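A.B. asks: Those sequence lines, one after another, are chains A and B.
According to my numbering, the first sequence is numbered sequentially starting from 0.
According to my numbering, the second sequence is numbered sequentially starting from 322.
None of these hints come from the bench; they were simulated from the model.
Being a predicted model, the structure only gives us computed values, none of them experimental.
Some clues are possibly wrong.
Unchecked claim - Just a sample of chain B residues kept apart from chain A, beta carbon distances all over 12 Å, derived:
| # | residue |
| --- | --- |
| 1 | L371 |
| 2 | F410 |
| 3 | Q555 |
| 4 | R581 |
| 5 | N618 |
| 6 | D626 |
To be verified - EDC-like, lysine to aspartate or glutamate: derived pairs with alpha carbons at most 16 Å apart:
| # | chain 1 | residue 1 | chain 2 | residue 2 |
| --- | --- | --- | --- | --- |
| 7 | B | K364 | A | E260 |
| 8 | B | K364 | A | E273 |
| 9 | A | K150 | B | E429 |
| 10 | B | K364 | A | D278 |
| 11 | A | K167 | A | E224 |
| 12 | B | K420 | B | E558 |
| 13 | B | K531 | B | E497 |
We treat Cβ as the ideally placed atom computed from N, Cα and C, and that holds for glycine.
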Amino acid sequence: MNEAKLKMQLSCPMPKLDFDIITLGHGSGGLLTNRLLDSGVFNLFKNEYLDKRHDGAFVNLEGPSAFTTDSFVISPIFFPDSNIGELAVNGTVNDLAMCGAIPQYLSLSFIIEEGLSMEEFWKILVAIKFASEKAEIQIVTGDTKVVERGKGDKIFINTTGIGKIHPKANIDLSRVEIGDKIIVSDNLATHGIAIMSVREGLEFETDILSDTRNLNHNVSALLDEFGDEIHLLRDPTRGGLATVLTEIARDAKLGIDIFQEQIPIEEQVAGACELLGLDPLYVANEGIFISIVNPEIADNYLQKLHSLEGSTHASIIGEIVKEHTGQVVLTSSIGGKRVVNMLVGEQLPRIC
Amino acid sequence: MKFLTEYRDAALVKQLLDQISKSVTQTWTIMEVCGGQTHSLVKNGLLSMLPENVQMIHGPGCPVCVTPLNLIDKAIHLAEKSNVILCSFGDMLRVPGSKKSLLQIKAEGADVRILYSPLEAVDLAIKNPEKEVIFFAVGFETTAPANALSVLHAYEKQVGNFSILTSHVLVPPAMEAVMNDPNSNIKAFLAAGHVCTIMGIDEYYPLVNKYKIPIVVTGFEPVDLLQGILMCVQQLEKGEYKLENQYSRVVKSQGNLRARNAIDKVFKIENREWRGIGNIPHSGYEIKEKYHAHNANLKFNIKIDKVSECKDCIAGLVLKGIKKPQQCSQFGTNCTPETPLGAPMVSSEGACAAYYHFHQANNDLVSIS
Chain A
0 MNEAKLKMQL SCPMPKLDFD IITLGHGSGG LLTNRLLDSG VFNLFKNEYL DKRHDGAFVN
60 LEGPSAFTTD SFVISPIFFP DSNIGELAVN GTVNDLAMCG AIPQYLSLSF IIEEGLSMEE
120 FWKILVAIKF ASEKAEIQIV TGDTKVVERG KGDKIFINTT GIGKIHPKAN IDLSRVEIGD
180 KIIVSDNLAT HGIAIMSVRE GLEFETDILS DTRNLNHNVS ALLDEFGDEI HLLRDPTRGG
240 LATVLTEIAR DAKLGIDIFQ EQIPIEEQVA GACELLGLDP LYVANEGIFI SIVNPEIADN
300 YLQKLHSLEG STHASIIGEI VKEHTGQVVL TSSIGGKRVV NMLVGEQLPR IC
Chain B
322 MKFLTEYRDA ALVKQLLDQI SKSVTQTWTI MEVCGGQTHS LVKNGLLSML PENVQMIHGP
382 GCPVCVTPLN LIDKAIHLAE KSNVILCSFG DMLRVPGSKK SLLQIKAEGA DVRILYSPLE
442 AVDLAIKNPE KEVIFFAVGF ETTAPANALS VLHAYEKQVG NFSILTSHVL VPPAMEAVMN
502 DPNSNIKAFL AAGHVCTIMG IDEYYPLVNK YKIPIVVTGF EPVDLLQGIL MCVQQLEKGE
562 YKLENQYSRV VKSQGNLRAR NAIDKVFKIE NREWRGIGNI PHSGYEIKEK YHAHNANLKF
622 NIKIDKVSEC KDCIAGLVLK GIKKPQQCSQ FGTNCTPETP LGAPMVSSEG ACAAYYHFHQ
682 ANNDLVSIS
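Same shape as in the complex, but just chain A (with noise of 0.2 Å):
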């Protein structure tokens, strides 16, 4: 395990408690829901926001800001190196990172199924709390409701952020042109193939560990230093790499041709698909995210990207053309050429 999450887990022993599990009633708003939010909410994320106790948080917003939601409701809940927990906060720190936002405020609802243990939900708090630490967030209001057993699938989260706009931002769809560069900052499909290898019924060994991390520091980094030449940010995250690029050359009505040979993937990671029956191109990705920027600084922004934490494998894995409007084209290994579309729904393994 991340030695910083390790700390922290030790750091913060569960409380001594006179119930182990968490019932009804401890969504019911009343003497319980205040046993279960002291010992934990309150007593982890203490901050001046939270300390009021007030229906609501009092923040301030200062100039041009993002806003954005999410909801968590994965199986299983933990996984390789992480849980749900870290999941919900990085997920909406990075959706304000993509929008070019300094992550500020964020809320945390939980949706309960009685049952849950004490000790597991005690461990997606602490993880919470690490990611939320890490990414520099203040967790400012929240809410904790408890659904009978069989009405939900252990615990589901949602988050709500806001960050303020970062003064060099300037992050628009309808800034990508023709000959902008496109640049993935690590490697595909990890986070999906580590879930997918402790999914009931599919259990294989690997080391493999879920990438999920907060990106809105390296995202600063960037615009500190090529503001505005970086045209757009995305994280590929359900759908993955193939379903955003879709999209961004659908809404843009542009094309976009990509190099196979170019794209970065764990050999393991590139195996278990090869098992699975799965293209990387569509398995989900929580740390990564993919920048489209002016051709002029591509070499110096992969420069960067290198030298920061989580992007060691960053590449350049194509560009924006004005052929094949509206469609994602991939340049086999072998040189062969291929559209590459949208899911319609869920991937689903091949039988041979």
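Could you slot chain B onto chain A? The hints should help.
C.D. replies: Just chain B now, with coordinates in the frame of chain A:
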């Protein structure tokens, strides 16, 4: 990924393409039998690299595409029962039955699960003794050994609540059906490497001799496929017809004897209906009497009204390589990957889905959905 990257070598690919171009003097129509080969041709962009006078026709070797409508309806009917866990390989879930797909009834509350191995379904049955666990055993000779093993395990361990709904089809009779069609224009076959890994290659000699047609047992990587195509082209140009094995690093002439033994124990050959093609004699596996307790078809006495296929769908002609998908009146209008009228538009291996994107890309590129 040793043993894979060598077969995706760009220089070798170029060399083989050059050799094919140099060898070919007229147009040849070659059918790749297996859906996995179609998938690889498309995924690697090989179709855009072959010379124009080498025409690849996508064969009927897509198990999802040839599973009869009636059988999908049966699986759906079984899965809708409250005490049933229906297990299946992944890409079977999206294929539409006459009214719904397995994916749809899963959303409606049926317990439908995606597994990678039928043996997992036996474990599931042991863990859930109050449920009936049914494995939708679809596929060619490749998936038959694992399905046979699951039946043998269940029989030995007396797992009474496990059964399989079989729709096993066999490759050689399908190739014969393609050749027997008077409209067929196929001049050579790439035989399915994985099927031959199990069954060996001996059963293809009679086909070569009867139809005087080259058959090359071929693998799935770009270099494999191009080598297979080159071997076909060289035979055709010389006017020869023989059985060759491009995939000899995997395929032995007698096949995998242990796997064949498992198949022989559990299955017998019988006539089988193929979606879009119709009944082909001696073209499928059915469970032998000894294991009837694990035969879902008999165990549940399913009576489903037979619904005829959509009249406008020409899947059969496409599967036999007689018509190209875009020659269908419904292609790209009423029939798309989101609203498929026939299975070849659903499966990622299906010829129609591949051509649907080909059509989108101004006729010069192919995609997989």
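A.B. asks: If a hint holds in the structure, say so; if it doesn't, say that too.
C.D. replies: Evaluation of the provided hints:
For L371 of chain B, the requirement that its beta carbon stay farther than 12 Å from each beta carbon of chain A is not met, with the minimum near 9 Å. With a cut of 12 Å on Cβ distances, F410 of chain B falls inside the contact zone with chain A, its closest approach being about 4 Å. With a least CB separation of 21 Å from chain A, Q555 of chain B remains clear of the 12 Å interface cut-off, as annotated. At the 12 Å boundary, the C-beta of R581 of chain B stays outside the reach of chain A, the nearest C-beta of that chain being 17 Å off.
Non-interface status of N618 of chain B relative to chain A is upheld: no Cβ of that chain comes within 12 Å, the nearest being about 20 Å off. Remark: the non-interface label on D626 of chain B is consistent with the geometry, its nearest Cβ contact in chain A lying 27 Å away (cut-off 12 Å). Taken as a hint, the K364 of chain B and E260 of chain A pair is honoured in the structure, with Cα atoms around 14 Å apart against an allowance of 16 Å. Restraint check: the Cα-Cα separation between K364 of chain B and E273 of chain A comes to about 13 Å, which is no more than 16 Å; the hinted pair holds.
Restraint check for K150 of chain A and E429 of chain B: the C-alpha separation of about 15 Å stays at or below 16 Å, so the hint holds. Only pairs whose Cα atoms come within 16 Å are accepted, and K364 of chain B paired with D278 of chain A is accepted, the gap being roughly 9 Å. Between K167 of chain A and E224 of chain A the CA atoms are separated by roughly 9 Å; this keeps the pair inside 16 Å, and the hint holds. For the hint pairing K420 of chain B with E558 of chain B, the CA-to-CA distance comes to about 48 Å; that exceeds 16 Å, so the pair is violated.
At most 16 Å may separate the alpha-carbon atoms for a hinted pair to count; K531 of chain B and E497 of chain B meet this at roughly 10 Å.
In this structure, the earlier hints numbered 1, 2, 12 are contradicted, and the remaining ones agree with it.
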